[in-house]
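J.: Just so you know, the protein sequences line up as chains A and B, in that order.
Number 200 in the numbering used here belongs to position 200 of the first sequence; there are no gaps in the numbering.
Number 400 in the numbering used here belongs to position 131 of the second sequence; there are no gaps in the numbering.
Treat the hints as calculated values from the structure; they're not laboratory data.
Treat each hint with caution, since some may be false.
Below, a list of computed lysine to any residue pairs in the SDA-like style, where the Cα atoms sit at most 20 angstroms apart [to be verified]:
no., chain 1, residue 1, chain 2, residue 2
1, B, LYS378, A, LEU13
2, A, LYS264, B, LEU390
3, B, LYS491, B, VAL558
4, A, LYS134, B, GLU533
5, B, LYS378, A, GLY255
6, B, LYS472, A, THR8
7, B, LYS491, A, LEU114
Some, not all, of what chain B presents toward chain A, calculated at C-beta under 7 angstroms [to be verified]:
no., residue
8, ILE281
9, VAL294
10, MET296
11, TYR509
12, THR549
13, THR553
Keep in mind it's a predicted model, so treat the numbers as computed, not measured.
Cβ coordinates follow ideal geometry from the N, Cα and C atoms, glycine included.
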Amino acid sequence: MATLNRPTGADLLMRVYLFVFFFYLLAPLAVMALATFNTSRFPTITPWLGTTTQWFVALWNDRQMWQGLSSSFIVGIAVIVVSVPIGVAAAMLLDGVHRKARTFLYAVMVSPLLTPGVIIGISTLVFWDRLGVKGGLHLAVIGQSSFIIAYVMLMVSARLQRFDRTLEEAALDLGASHTQVFAKILFPYLRPAILAGAVLAFFQSFENYNVTLFTRGTDTTLTVYIASKVRTGLTPAVNALALILITITIVFAVGYEILRRNQKAKAAA
Amino acid sequence: MSALVRRYGWPITLFMTGTTAVWLVVMVILPALVMVEYSFHPNLPVTKRGGPEDYYTLTNYAALFRGIDLTTWTFPNDFTVFIRTIWGASLVTFLSLVVCYPIAWHVAKIAPPRRAAVMILLLVIPFWINEILRTFAWYIILAYQGPLNAALLGLGILDKPVRWLSGSGGVLIGMTYAFLLFMMFPLINAIETLDTNQVEAAKDLGAPTWQIHRRIVIPHAKPGIAVGCIMVFVLAASSYIVPALLGSPGTRWFTETIYVWFFEGQDWPRGSAYAFILLTLCITFIMLVMRLFKVGLADIAK
Chain A
1 MATLNRPTGA
11 DLLMRVYLFV
21 FFFYLLAPLA
31 VMALATFNTS
41 RFPTITPWLG
51 TTTQWFVALW
61 NDRQMWQGLS
71 SSFIVGIAVI
81 VVSVPIGVAA
91 AMLLDGVHRK
101 ARTFLYAVMV
111 SPLLTPGVII
121 GISTLVFWDR
131 LGVKGGLHLA
141 VIGQSSFIIA
151 YVMLMVSARL
161 QRFDRTLEEA
171 ALDLGASHTQ
181 VFAKILFPYL
191 RPAILAGAVL
201 AFFQSFENYN
211 VTLFTRGTDT
221 TLTVYIASKV
231 RTGLTPAVNA
241 LALILITITI
251 VFAVGYEILR
261 RNQKAKAAA
Chain B
270 MSALVRRYGW
280 PITLFMTGTT
290 AVWLVVMVIL
300 PALVMVEYSF
310 HPNLPVTKRG
320 GPEDYYTLTN
330 YAALFRGIDL
340 TTWTFPNDFT
350 VFIRTIWGAS
360 LVTFLSLVVC
370 YPIAWHVAKI
380 APPRRAAVMI
390 LLLVIPFWIN
400 EILRTFAWYI
410 ILAYQGPLNA
420 ALLGLGILDK
430 PVRWLSGSGG
440 VLIGMTYAFL
450 LFMMFPLINA
460 IETLDTNQVE
470 AAKDLGAPTW
480 QIHRRIVIPH
490 AKPGIAVGCI
500 MVFVLAASSY
510 IVPALLGSPG
520 TRWFTETIYV
530 WFFEGQDWPR
540 GSAYAFILLT
550 LCITFIMLVM
560 RLFKVGLADI
570 AK
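Put together the whole structure using the sequences plus the hints.
T.: See below:
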């Protein structure tokens with residue numbers, strides 16, 4: 001009891017815990033990254049057999065990797081094309097309906113976010129199979145979009161809630177058409193949220209595994225490629241790919257944080 | 270509808286309702302319903318579908334429980350896997366909460382703003398890194414000749430290497446690692462909104478640290494705890510890649526069983542029934558937590 005009240009003892013304990021926690025959080029990623037440069041055929045850092053960059057070359061020469069990468073890009077772009085317009089439309093609809101309907105509609109719209117990915121994948125696969133559509137990248141796009149639309153909807157909704165509706169009314173009173181109001185007022189206002197939604201949609205699609213696993217048919221995206229490589233034919237070339245993806249992620253995460261903080265600061269000012 | 274038309278005009282209203290309807294009906298509701306309907310059919314070749322052998326049946330659901338014998342305490346394989354999944358996901362959820370709470374408290378209330386910002390960045394980076402890669406990292410660490418065994422042997426803690434990847438331990442470690450940040454951020458967000466004066470007042474009145482947490486911080490952080498538990502449990506229960514990479518045949522997860530019924534057993538109705546059981550498990554957990562912590566859907570989707 002007494003030790004808890006003495007600040008130094010508790011502080012020290014906390015400091016040790018913080019260190020252990022962040023070590024636990026970051027060390028595995030460092031190990032994975034380091035193993036890229038070990039000549040050992042199995043990715044590890046113990047024992048260190050020699051330093052090399054050969055695994056980047058091996059990755060570069062892996063045709064399956066390029067195929068997976070291009071599939072992931074195609075799916076990601078298609079998901080943006082499907083999700084962004086529907087997400088924006090859904091957000092506008094949600095903003096416009098009566099309050100009672102809104103609660104219900106909102107619950108239905110966010111339900112895909114709480115549904116496990118494997119379930120979304122399975123239901124998409126079974127549903128389209130009954131209509132005679134087999135698995136493949138197209139089905140992966142449909143399956144992924146069914147929950148990614150909800151993300152876009154939430155992002156656009158958040159911005160829409162702060163929208164000054166008198167602007168719309170003023171424009172209508174002054175004789176603008178509804179389409180003009182949308183094109184000249186609402187859309188420009190929503191553009192930052194739409195862009196952010198598009199980036200998020202691509203990212204979510206690119207890293208998706210669970211939905212893709214069931215809907216992909218015989219096609220392979222990059223995540224499916226990585227998973228299958230780890231299980232059969234694992235070499236540090238997979239680490240090289242992981243290292244590249246992590247670097248891209250860090251750049252994005254830091255950029256996104258800076259952007260978010262600037263906006264927060266702007267909102268506070 | 271009329272309010273919508275007045276605000277957006279006919280063309281935009283039609284587009285909005287049309288696309289939203291396509292999304293919700295064709296991509297969300299109908300697939301779920303068709304999957305559930307499918308799960309009540311026997312597994313038949315395409316030619317026999319709709320024929321006399323095609324009737325509604327509960328076989329696919331009963332299959333999970335068939336063979337349970339309480340007198341000899343024997344359980345069929347799929348059922349064991351199902352129970353293991355519930356138990357494992359609950360354990361991962363609990364572990365995440367225990368591990369994250371002190372960190373979340375520190376980041377939200379104790380650390381000076383600058384240090385808190387750095388810590389949040391250090392949390393955000395792994396959060397954005399793909400689940401497969403995070404799992405793969407542990408695959409390397411836990412390997413028989415990997416760094417963990419090497420370090421423990423080097424330190425003299427072990428005298429022979431341990432096969433980490435042959436029991437449930439590896440799966441639980443990897444899952445906690447993969448999903449714990451889904452607990453962290455809701456906790457930080459919830460604790461951040463607590464008025465620090467309340468804590469100060471309690472301290473001045475002589476409350477010990479554990480009382481402050483039990484009486485003030487934890488009750489206030491309830492929505493965050495609820496959201497974190499829901500996220501981690503659903504992600505863990507429905508994870509495929511973590512048990513697939515870090516487990517062995519003896520530690521199969523329910524998602525793997527479903528996958529096998531679909532693509533190796535070619536029994537889609539059975540797979541659909543199991544998928545529906547998994548979905549029901551997740552929904553039950555969500556409802557339970559929402560009722561227990563008295564939080565609404567809007568708190569969760571934030």
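J.: Measure nothing beyond the straight line between the CA atoms of LYS472 of chain B and THR8 of chain A; if it is 20 angstroms or shorter, mark the hint as holding.
T.: Holds, at roughly 16 angstroms.
J.: With chain A as the partner, please determine if THR549 of chain B meets the hint condition of a C-beta pair closer than 7 angstroms.
T.: Since the shortest Cβ distance to chain A is 10 angstroms, the answer is violated.
J.: Hinted pair, alpha-carbon criterion (20 angstroms max): LYS378 of chain B, GLY255 of chain A. Please report holds or violated.
T.: violated, 25 angstroms
J.: Check whether the Cα positions of LYS491 of chain B and VAL558 of chain B lie no farther apart than 20 angstroms.
T.: Measuring from Cα to Cα gives roughly 10 angstroms; hence the hint holds.
J.: Classify the hint on MET296 of chain B as holds or violated, based on whether any CB of chain A lies nearer than 7 angstroms to its CB.
T.: With Cβ-Cβ at 4 angstroms, under 7 angstroms, it holds.
J.: Below or equal to 20 angstroms on CA atoms is what counts here, so check LYS264 of chain A against LEU390 of chain B.
T.: holds, 16 angstroms
J.: Is the interface hint for THR553 of chain B satisfied, with its Cβ closer than 7 angstroms to some Cβ of chain A?
T.: violated, 12 angstroms
J.: Is the interface hint satisfied for TYR509 of chain B? The criterion is a beta-carbon contact with chain A at less than 7 angstroms.
T.: Since the shortest Cβ distance to chain A is 6 angstroms, the answer is holds.
J.: Taking 20 angstroms as the top limit, are the C-alpha atoms of LYS491 of chain B and LEU114 of chain A close enough?
T.: holds, 19 angstroms
J.: Keeping to a limit of 20 angstroms between CA atoms, is the pair of LYS378 of chain B and LEU13 of chain A held or broken?
T.: With Cα atoms ~17 angstroms apart, LYS378 of chain B and LEU13 of chain A stay inside 20 angstroms; holds.
J.: With 7 angstroms as the cut and Cβ atoms as the points, is VAL294 of chain B at the interface with chain A?
T.: Hint on VAL294 of chain B: violated, closest Cβ of chain A at ~10 angstroms, above 7 angstroms.
J.: Holds or violated: ILE281 of chain B as interface residue toward chain A, Cβ cutoff 7 angstroms?
T.: Since chain A brings a Cβ to about 6 angstroms from ILE281 of chain B, closer than 7 angstroms, the hint holds.
This entry does not satisfy hints 5, 9, 12, 13, going by the numbered hints stated previously.
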